[in-house]
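Undergrad: Sequences listed follow chains A and B, in order.
Read in order, the letters of the first sequence correspond to residues 1 to 112 in my numbering.
Read in order, the letters of the second sequence correspond to residues 1 to 113 in my numbering.
Incorrect hints may appear among the rest.
Unchecked claim - Taking lysine to aspartate or glutamate and the EDC-like style, the derived pairs with C-alpha atoms no more than 20 angstroms apart in a straight line are:
1) A/Lys36 with A/Glu56
2) B/Lys36 with A/Glu56
3) A/Lys40 with B/Glu38
4) B/Lys68 with B/Asp54
5) A/Lys40 with B/Asp54
6) A/Lys40 with B/Asp58
Don't read these hints as lab results, they were simulated from the structure.
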Amino acid sequence: ETGVTQTPRHLVMGMTNKKSLKCEQHLGHNAMYWYKQSAKKPLELMFVYSLEERVENNSVPSRFSPECPNSSHLFLHLHTLQPEDSALYLCASSQELAFEQFFGPGTRLTVL
Amino acid sequence: GEDVEQSLFLSVREGDSSVINCTYTDSSSTYLYWYKQEPGAGLQLLTYIFSNMDMKQDQRLTVLLNKKDKHLSLRIADTQTGDSAIYFCAESINSGNTGKLIFGQGTTLQVKP
């Protein structure tokens with residue numbers, strides 16, 4: 001257990017659905033991250049939040065919408081996804097930016 | 001630019017030592033990390049080394065840092081089948097009032113019985 005939880009662990013959705021991924025950290029950290037991990041590709045950093053403010057948005061399509069209501073929770077809202085968005089979505093947190101990150105177990109997303 | 005490179009695959013026999021290599025480009029990195037990812041799981045922090053150190057040992061794990069060549073390695077002694085996983089190195093980047101980790105693409109370690 002790393003202190004970072006993600007729900008759901010698995011999600012199958014159609015291209016017209018709207019769903020949300022949830023991440024919660026119990027470590028008292030100030031920074032939270034969303035990563036996308038696709039087969040045979042490097043880990044892709046999607047969004048970074050520090051003290052609930054978005055500090056990085058790496059050219060992610062607008063069909064992915066993050067939300068950080070407080071320093072313990074991070075959401076990724078999904079709508080009108082494409083099959084190529086199927087991947088493992090990992091959430092992480094760190095005490096401060098550039099400190100070691102602690103990862104959740106990931107949500108395995110399949111878009112049909 | 002910011003780049004971290006690793007070889008993609010390593011196969012060893014159980015009981016042998018494994019050495020996973022990594023090169024990075026940013027000489028201002030303060031910390032360098034090794035993460036392990038088992039199938040279907042998130043990344044687990046294994047160990048880290050501060051940039052002013054040459055070596056760090058933690059049980060079966062030895063991290064070597066050659067700052068001049070920007071080369072980092074992870075040695076696993078007496079490799080076990082449970083060590084089969086993907087290993088990621090990462091460097092911390094500080095830029096002004098922000099910072100992040102840059103990850104390599106991961107090395108898949110296969111341990112044969």
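Undergrad: Each hint should be assessed against the structure and marked as holding or not.
TA: How the hints compare with the structure:
no.	hint	verdict
1	A/Lys36 with A/Glu56	holds, 14 angstroms
2	B/Lys36 with A/Glu56	violated, 25 angstroms
3	A/Lys40 with B/Glu38	holds, 15 angstroms
4	B/Lys68 with B/Asp54	holds, 11 angstroms
5	A/Lys40 with B/Asp54	violated, 32 angstroms
6	A/Lys40 with B/Asp58	violated, 30 angstroms
The structure does not agree with the numbered hints 2, 5, 6 stated previously, though it agrees with the rest.
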